[in-house]
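Start from the sequences, fold in the hints, and give me the full structure.
As a plain string of letters, each chain reads:
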Amino acid sequence: MHISDWFSRKPKYAVLKPEKREIPEGLWTRCPKCLEIIYNKELERNLKVCTKCGYHFKLNAWERIFQLVDNKEFYELDGYLESVDALPFDDGIYIDKLKEDREKTGLTEAIVTGKGKLEGFDILLGVFDFGFIGGSMASVVGEKVTRLFEYGVKEQLPVIIVTATGGARMYEGMLSLMQMAKTNAALGRYRKNRGLFISILADPSTAGVMASFASQGDVIIAEPGALIGFAGPRVIEQTIKEKLPEGFQSSEFVFQHGMVDMIVDRNRLKSVLGRIIKIWIMKQK
Amino acid sequence: MDNETEVRNLTAWEKVQLSRHPQRPLTIDYIENLFDDFIELHGDRLYGDDPALIGGLGILGDMGVVVFGHNKGKNIKENINKNFGMPHPEGYRKALRLMRLAERWNLPVISFIDTPGAYPGIGAEERGQAEAIGRNILEAFEIRTPILVVVIGEGGSGGALGIGVGDRVLMLKNAVYSVISPEGCAAIIWKDSKQAEKAAESLKLTAQDLFRLNIIDEIIPEPPGGAHTDMMATMNSVKNSILKNLEEICSKDLDTLLEERHQKVRRIGVFEEKPGAEGRS
Chain C
1 MHISDWFSRK PKYAVLKPEK REIPEGLWTR CPKCLEIIYN KELERNLKVC
51 TKCGYHFKLN AWERIFQLVD NKEFYELDGY LESVDALPFD DGIYIDKLKE
101 DREKTGLTEA IVTGKGKLEG FDILLGVFDF GFIGGSMASV VGEKVTRLFE
151 YGVKEQLPVI IVTATGGARM YEGMLSLMQM AKTNAALGRY RKNRGLFISI
201 LADPSTAGVM ASFASQGDVI IAEPGALIGF AGPRVIEQTI KEKLPEGFQS
251 SEFVFQHGMV DMIVDRNRLK SVLGRIIKIW IMKQK
Chain L
286 MDNETEVRNL TAWEKVQLSR HPQRPLTIDY IENLFDDFIE LHGDRLYGDD
336 PALIGGLGIL GDMGVVVFGH NKGKNIKENI NKNFGMPHPE GYRKALRLMR
386 LAERWNLPVI SFIDTPGAYP GIGAEERGQA EAIGRNILEA FEIRTPILVV
436 VIGEGGSGGA LGIGVGDRVL MLKNAVYSVI SPEGCAAIIW KDSKQAEKAA
486 ESLKLTAQDL FRLNIIDEII PEPPGGAHTD MMATMNSVKN SILKNLEEIC
536 SKDLDTLLEE RHQKVRRIGV FEEKPGAEGR S
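Just so you know, the sequences run in chain order C and L.
So for the first sequence, my numbering puts the first residue at 1; every next one is plus one.
So for the second sequence, my numbering puts the first residue at 286; every next one is plus one.
Hints are not guaranteed to be accurate.
Stated by the list, open to error - Taking lysine to any residue and the SDA-like style, the derived pairs with C-alpha atoms no more than 25 Å apart in a straight line are:
no.	chain 1	residue 1	chain 2	residue 2
1	L	483	L	498
2	C	115	C	71
3	L	483	C	257
4	L	483	C	234
5	L	483	C	71
6	L	479	C	233
7	C	241	L	496
8	C	192	L	539
Unchecked claim - Okay, the calculated beta carbon distance ranges per label pair:
no.	chain 1	residue 1	chain 2	residue 2	range
9	C	27	L	334	30 to 38 Å
10	L	536	C	88	32 to 40 Å
11	C	35	L	479	35 to 43 Å
12	C	33	L	537	15 to 23 Å
13	C	193	L	332	56 to 64 Å
14	L	307	C	257	35 to 43 Å
15	L	497	C	154	28 to 36 Å
Source of the hints: derived by calculation from the structure; they are not laboratory data.
Beta carbons: idealized from backbone N, C-alpha and C, even for Gly.
Dropping the structure here:
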């Protein structure tokens with residue numbers, strides 16, 4: 001050691017804060033809740049639920065679909081519907097946003113809908129992807145949800161929709177808002193035909209989608225720890241000018257207030273869905 | 286003065302401001318001026334009575350009707366009482382209760398829209414704001430009686446749509462109806478609520494835009510300086526439009542009416558269908 005080192009201010013050893021420790025990309029993932037570092041393969045095996053604290057990681061649409069359908073077999077419907085800048089919204093920024101999120105997610109839109117089997121039962125399944133413009137609903141998402149309920153009437157199948165959404169999409173203005181009416185009109189007809197609609201609320205499920213079909217499931221299931229509500233917490237805080245209590249608008253909060261039937265761990269979700277469908281199928285013809 | 290020219294010159298942002306003008310006629314003004322013998326009914330029979338949404342029975346011309354609407358106040362004190370016309374779930378549930386009553390009595394429903402939005406607060410969330418709005422939208426498609434919706438001022442997003450499903454949606458010339466407030470939109474997209482003017486332009490929230498997009502059915506004319514400059518002219522204009530449209534929808538048989546109510550929203554949405562990308566698995 002050189003004598004000048006005695007006078008430098010450098011610390012003699014590095015202090016590694018857990019938040020800053022480097023994780024080799026692709027092998028390990030840190031749980032944002034308990035900060036545990038989990039081996040990716042193990043995380044996958046555990047359906048992207050933290051092996052230590054049970055935190056449910058966000059899933060993209062296809063991850064969710066493959067967790068739910070049997071043998072990873074899924075037939076996508078209406079995947080060729082594409083959004084256009086119908087208003088148009090301020091010099092093409094919507095087109096740019098669509099392009100960006102299509103590249104980022106590999107999806108054409110914020111929901112993937114289709115048909116598959118779950119515990120041996122045929123189902124219609126729609127899954128939102130929060131990564132695509134915040135899982136927002138505009139013309140295409142509304143149309144796909146509407147058609148899903150219409151297929152449900154025609155084919156007498158259960159409809160399961162997993163939401164992860166910030167609500168209606170600003171870039172399509174009132175066309176987006178009116179999708180709340182369109183999807184609910186279709187849901188109404190589906191209900192009249194004695195359908196089974198299971199609404200699964202993943203993190204987050206709020207605003208326009210929550211204030212339409214997502215809150216109107218025959219059975220509503222929340223994932224643990226999801227943010228569920230109408231208004232976003234920041235908007236509420238700005239309005240009432242006070243801090244929100246811990247756990248406000250969590251799955252546990254909405255369960256306590258009677259807004260959902262149950263909170264189900266991802267590991268049990270498929271079997272719970274299967275048990276519900278099994279009883280629905282026994283309904284009097 | 287040429288009304289058409291003047292109104293065409295107003296920007297979307299100016300219309301937003303007109304729609305919020307403190308002297309602009311409110312639901313209560315229409316109720317007092319257009320209906321004989323209004324009887325206010327209170328409460329949702331579940332939790333409470335929401336003063337932000339007023340409703341009851343009335344007589345319009347020679348017709349009994351059920352009427353409700355967002356209830357803004359005329360001054361700060363009134364507005365604090367009425368929560369600036371921002372309903373809690375109780376408001377929406379009261380409206381649903383009144384729609385069901387109208388259905389049983391075979392009376393038409395008239396709904397006036399004028400709200401910044403559904404209230405974002407703790408109690409509202411605890412009691413299911415999203416559920417209340419969602420249920421109203423769902424059930425409005427099943428209500429077997431004519432429903433007429435009139436957007437008189439601010440149509441604030443889901444808070445407006447919660448009482449906004451009907452057979453006809455009429456809109457005053459300077460009213461606005463939007464998926465999000467221009468300020469909120471600007472804060473999200475440009476991280477700057479001062480860009481609200483640009484957002485207002487982009488959102489296509491004016492009556493003229495929404496008529497072009499087939500979201501509303503008719504634009505009700507306003508006096509040249511805006512609805513507040515000649516209250517009686519505004520009242521007459523709204524009354525004529527309501528009577529004309531009520532006559533049309535009341536003459537339809539209920540099955541046709543409900544089918545048309547459904548088909549009208551079924552068609553809303555603009556997108557491209559590109560076959561060929563089907564069947565990924």
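To see whether the hints hold, each was checked on the structure:
1. Restraint check: the Cα-Cα separation between residue 483 of chain L and residue 498 of chain L comes to about 20 Å, which is no more than 25 Å; the hinted pair holds.
2. This hinted pair checks out: residue 115 of chain C and residue 71 of chain C have alpha carbons roughly 13 Å apart, not beyond 25 Å.
3. A hinted pair counts as satisfied when its Cα atoms are at most 25 Å apart, and residue 483 of chain L with residue 257 of chain C does not qualify at roughly 40 Å.
4. A distance of roughly 23 Å separates the Cα atoms of residue 483 of chain L and residue 234 of chain C; the hinted pair therefore holds under the 25 Å criterion.
5. Proximity of residue 483 of chain L to residue 71 of chain C is assessed by CA-CA distance (about 50 Å); at most 25 Å being required, the pair is judged violated.
6. Note on residue 479 of chain L and residue 233 of chain C: the hinted pairing holds, with a Cα-Cα distance of about 22 Å set against a maximum of 25 Å.
7. Our distance criterion of 25 Å between C-alpha atoms is broken by residue 241 of chain C and residue 496 of chain L, whose separation comes to about 38 Å.
8. Of the pairs offered as hints, the one joining residue 192 of chain C and residue 539 of chain L holds, with about 17 Å between alpha carbons and a cut-off of 25 Å not exceeded.
9. Distance hint check: the CB atoms of residue 27 of chain C and residue 334 of chain L are about 59 Å apart, inconsistent with the given range 30 to 38 Å.
10. Remark: the range hint 32 to 40 Å for residue 536 of chain L to residue 88 of chain C is upheld by a beta-carbon distance near 39 Å.
11. Taken as a hint, the range 35 to 43 Å holds for the pair residue 35 of chain C and residue 479 of chain L, whose Cβ atoms sit roughly 39 Å apart.
12. Taken as a hint, the range 15 to 23 Å is violated for the pair residue 33 of chain C and residue 537 of chain L, whose Cβ atoms sit roughly 56 Å apart.
13. In this structure the hint that residue 193 of chain C and residue 332 of chain L lie 56 to 64 Å apart at CB is violated, the actual value being about 32 Å.
14. Between residue 307 of chain L and residue 257 of chain C, the C-beta spacing of about 36 Å keeps the proposed range 35 to 43 Å intact.
15. Roughly 33 Å separates the CB atoms of residue 497 of chain L and residue 154 of chain C, a value that falls within the hinted 28 to 36 Å.
Of the numbered hints stated above, those contradicted by the structure are hints 3, 5, 7, 9, 12, 13, listed in ascending order.
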